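2 protein chains.
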Amino acid sequence: MSLIIEARLHAWHPWSHYCEPSEEGPHMDRYRIESGYQLRLADRDAGEKAAHPDLNKKHAGAVLARLNAQLAELQKLLWSDGSRALLLVLQAMDTGGKDGTIRGVFTGVNPQGVTVHGFGVPGPHEIEHDYLWRVHDKTPARGRIAVFNRSHYEDVLIVRVNELVPREVWHRRYEHIRNFEQMLTDEGTVLVKIMLHISKDEQKLRLQARVDNPAKHFKFSMGDLEARSKWDQYQRAYEDAITETSTEDAPWYVVPSDRKWYRNLVISRILIDTLTAMNLSYPTPELDPTSIVIE
Amino acid sequence: MSLIIEARLHAWHPWSHYCEPSEEGPHMDRYRIESGYQLRLADRDAGEKAAHPDLNKKHAGAVLARLNAQLAELQKLLWSDGSRALLLVLQAMDTGGKDGTIRGVFTGVNPQGVTVHGFGVPGPHEIEHDYLWRVHDKTPARGRIAVFNRSHYEDVLIVRVNELVPREVWHRRYEHIRNFEQMLTDEGTVLVKIMLHISKDEQKLRLQARVDNPAKHFKFSMGDLEARSKWDQYQRAYEDAITETSTEDAPWYVVPSDRKWYRNLVISRILIDTLTAMNLSYPTPELDPTSIVIE
Numbered sequence: 000m001s002l003i004i005e006a007r008l009h010a011w012h013p014w015s016h017y018c019e020p021s022e023e024g025p026h027m028d029r030y031r032i033e034s035g036y037q038l039r040l041a042d043r044d045a046g047e048k049a050a051h052p053d054l055n056k057k058h059a060g061a062v063l064a065r066l067n068a069q070l071a072e073l074q075k076l077l078w079s080d081g082s083r084a085l086l087l088v089l090q091a092m093d094t095g096g097k098d099g100t101i102r103g104v105f106t107g108v109n110p111q112g113v114t115v116h117g118f119g120v121p122g123p124h125e126i127e128h129d130y131l132w133r134v135h136d137k138t139p140a141r142g143r144i145a146v147f148n149r150s151h152y153e154d155v156l157i158v159r160v161n162e163l164v165p166r167e168v169w170h171r172r173y174e175h176i177r178n179f180e181q182m183l184t185d186e187g188t189v190l191v192k193i194m195l196h197i198s199k200d201e202q203k204l205r206l207q208a209r210v211d212n213p214a215k216h217f218k219f220s221m222g223d224l225e226a227r228s229k230w231d232q233y234q235r236a237y238e239d240a241i242t243e244t245s246t247e248d249a250p251w252y253v254v255p256s257d258r259k260w261y262r263n264l265v266i267s268r269i270l271i272d273t274l275t276a277m278n279l280s281y282p283t284p285e286l287d288p289t290s291i292v293i294e
Numbered sequence: 000m001s002l003i004i005e006a007r008l009h010a011w012h013p014w015s016h017y018c019e020p021s022e023e024g025p026h027m028d029r030y031r032i033e034s035g036y037q038l039r040l041a042d043r044d045a046g047e048k049a050a051h052p053d054l055n056k057k058h059a060g061a062v063l064a065r066l067n068a069q070l071a072e073l074q075k076l077l078w079s080d081g082s083r084a085l086l087l088v089l090q091a092m093d094t095g096g097k098d099g100t101i102r103g104v105f106t107g108v109n110p111q112g113v114t115v116h117g118f119g120v121p122g123p124h125e126i127e128h129d130y131l132w133r134v135h136d137k138t139p140a141r142g143r144i145a146v147f148n149r150s151h152y153e154d155v156l157i158v159r160v161n162e163l164v165p166r167e168v169w170h171r172r173y174e175h176i177r178n179f180e181q182m183l184t185d186e187g188t189v190l191v192k193i194m195l196h197i198s199k200d201e202q203k204l205r206l207q208a209r210v211d212n213p214a215k216h217f218k219f220s221m222g223d224l225e226a227r228s229k230w231d232q233y234q235r236a237y238e239d240a241i242t243e244t245s246t247e248d249a250p251w252y253v254v255p256s257d258r259k260w261y262r263n264l265v266i267s268r269i270l271i272d273t274l275t276a277m278n279l280s281y282p283t284p285e286l287d288p289t290s291i292v293i294e
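In the order they appear, the protein sequences are chains A and X.
Just so you know, we're using numbering that gives the first Met the number 0 here: the first sequence kicks off at 0 and counts up by one.
Just so you know, we're using numbering that gives the first Met the number 0 here: the second sequence kicks off at 0 and counts up by one.
If you're looking for bench data, these hints aren't it; they were derived computationally from the structure.
On a predicted model such as this, the values are computed, not experimentally measured, just so you know.
Treat the hints with caution; some may be incorrect.
A pair counts as met if it fits within one copy or between any two copies, since identical chains are not told apart.
[Said to hold, decoys possible] Here are the computed lysine to aspartate or glutamate pairs in the EDC-like style, where the Cα-Cα straight-line distance is at most 20 Å:
#1 Lys57 <-> Asp223
#2 Lys57 <-> Asp231
#3 Lys229 <-> Asp93
#4 Lys259 <-> Asp93
#5 Lys199 <-> Glu167
#6 Lys259 <-> Glu47
#7 Lys57 <-> Asp200
#8 Lys199 <-> Asp28
#9 Lys137 <-> Glu125
#10 Lys137 <-> Glu127
#11 Lys56 <-> Asp239
#12 Lys218 <-> Asp98
#13 Lys229 <-> Glu47
#14 Lys199 <-> Asp53
Generate coordinates for the entire structure from the input sequences, incorporating the hints supplied.
Structure follows, in structure tokens:
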């Protein structure tokens, strides 16, 4: 959090005592895919914890709680500022942890300011429109955070791997998506796109847990096994999609996600850094509060 | 209408007897703004009737009725084909005739297949989103025709003339709009954009009629006079918007509209030509109709 915002929070804001003093945390640029960079997922260790080498699961909870509180503060600031919006796009292979990320990162944030949208198989109305139609509809209003649990990227991922449209059709979508996201950015929405990167071994463990544990059966589908059988094709589709659409204004982050606690810390920190860089501010009072007497 | 479609209509379709034999009408390319062409509205006569030099108002009704019937046939074909959509964007100065155009051109077409959307001053929810948000939402589903009575172009017209946002903001919208419309095209929607071109003298007559005739008072607003006082700025804004966004896939037509009957004929013909060029077809029967016996 910038010193200016920090100072403002403490000076003006009744909730500011919930906010821990700003810790200048580790920079998450290491996970950001720069524009023009050719992503190779096989070169990236899904199990590393380089930003917190000395931390472990046991002690991560306390750190996450502090980050949650910071994020909650920043969400209030975004809301009060009212001029900008934040869109978080989450993509992952099955069992990658999208639901757990949302739960872990946004717990404690006012749900009035955060809306989560899942994009599954298009419904009968959705399929009658272009693939961005249902997604554009759910983009956040000014002052809000929207989280996309899956997104328009499925239209260059699952649609590509399963050959639901010809190559010509999905391939030109990279440009559509860049353009669409640039328009959103120009008009006031900040985008953060995150791939939860897990290893094939980790997926096996998580799928096995879903099979073995009756309480997790509801999460399992045979389709997961079919998608797993196409692991390499999906990894290549992710590499291409991220390489093609990671831009300065709408960057992708590839976050090591075999360790759930580490994934949550990294994503919280990315969101905090992003919101802080937006230079949000509380509206300037139009009057002198000391002149107001309420009898 | 192409001979192939014509033949199909007559061979397969119970409604086809409503359809007049195809008259190869005058080409409307004369009103199409080619990509890269620098539009100058002052060079274009709003009162001409070059495509029907010998026709007059009295005899235009019968011609329009035939075109209405053709358009109705083509709308059924678009619906039955089910793979494409048509979006008609109508823009004009005040009194330009958007409402009259919609009434004149679409009368007789099944309203289930045609939806008209008006885009006025953005409402409180709309203004919280990017300017394409409300417009994208109303784009037509496959098989449908949508008519936009005003559109996203107001965001580079009235917004520009009244300086509602800085130049930098409205100017980059040309590119957004080109990209947005290209995406719609790539995904199956055909766009036709029409400016109803009237002269300043004709506008004066029409405004005066609204003032003089109590039955037309509801159409009059003082804002019309304010906009009229900025006539030249609006004309320049239209010229730039059309020049910047007329593309091969999403062309603008500037239609002489001082004569309402001529305007309607030209626009009907443009729509008929556009739908005909889409090479729509009735779905191939999956069975041999002669093998079906209904007892």
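A quick look at each hint next to the structure:
no. : hint              : result
1   : Lys57 <-> Asp223  : neither (30 Å within a copy, 69 Å between copies)
2   : Lys57 <-> Asp231  : neither (33 Å within a copy, 70 Å between copies)
3   : Lys229 <-> Asp93  : within (12 Å within a copy, 58 Å between copies)
4   : Lys259 <-> Asp93  : within (14 Å within a copy, 59 Å between copies)
5   : Lys199 <-> Glu167 : neither (29 Å within a copy, 47 Å between copies)
6   : Lys259 <-> Glu47  : within (11 Å within a copy, 71 Å between copies)
7   : Lys57 <-> Asp200  : neither (23 Å within a copy, 79 Å between copies)
8   : Lys199 <-> Asp28  : neither (25 Å within a copy, 58 Å between copies)
9   : Lys137 <-> Glu125 : both (13 Å within a copy, 12 Å between copies)
10  : Lys137 <-> Glu127 : both (17 Å within a copy, 12 Å between copies)
11  : Lys56 <-> Asp239  : neither (32 Å within a copy, 59 Å between copies)
12  : Lys218 <-> Asp98  : within (11 Å within a copy, 53 Å between copies)
13  : Lys229 <-> Glu47  : neither (24 Å within a copy, 63 Å between copies)
14  : Lys199 <-> Asp53  : neither (25 Å within a copy, 75 Å between copies)
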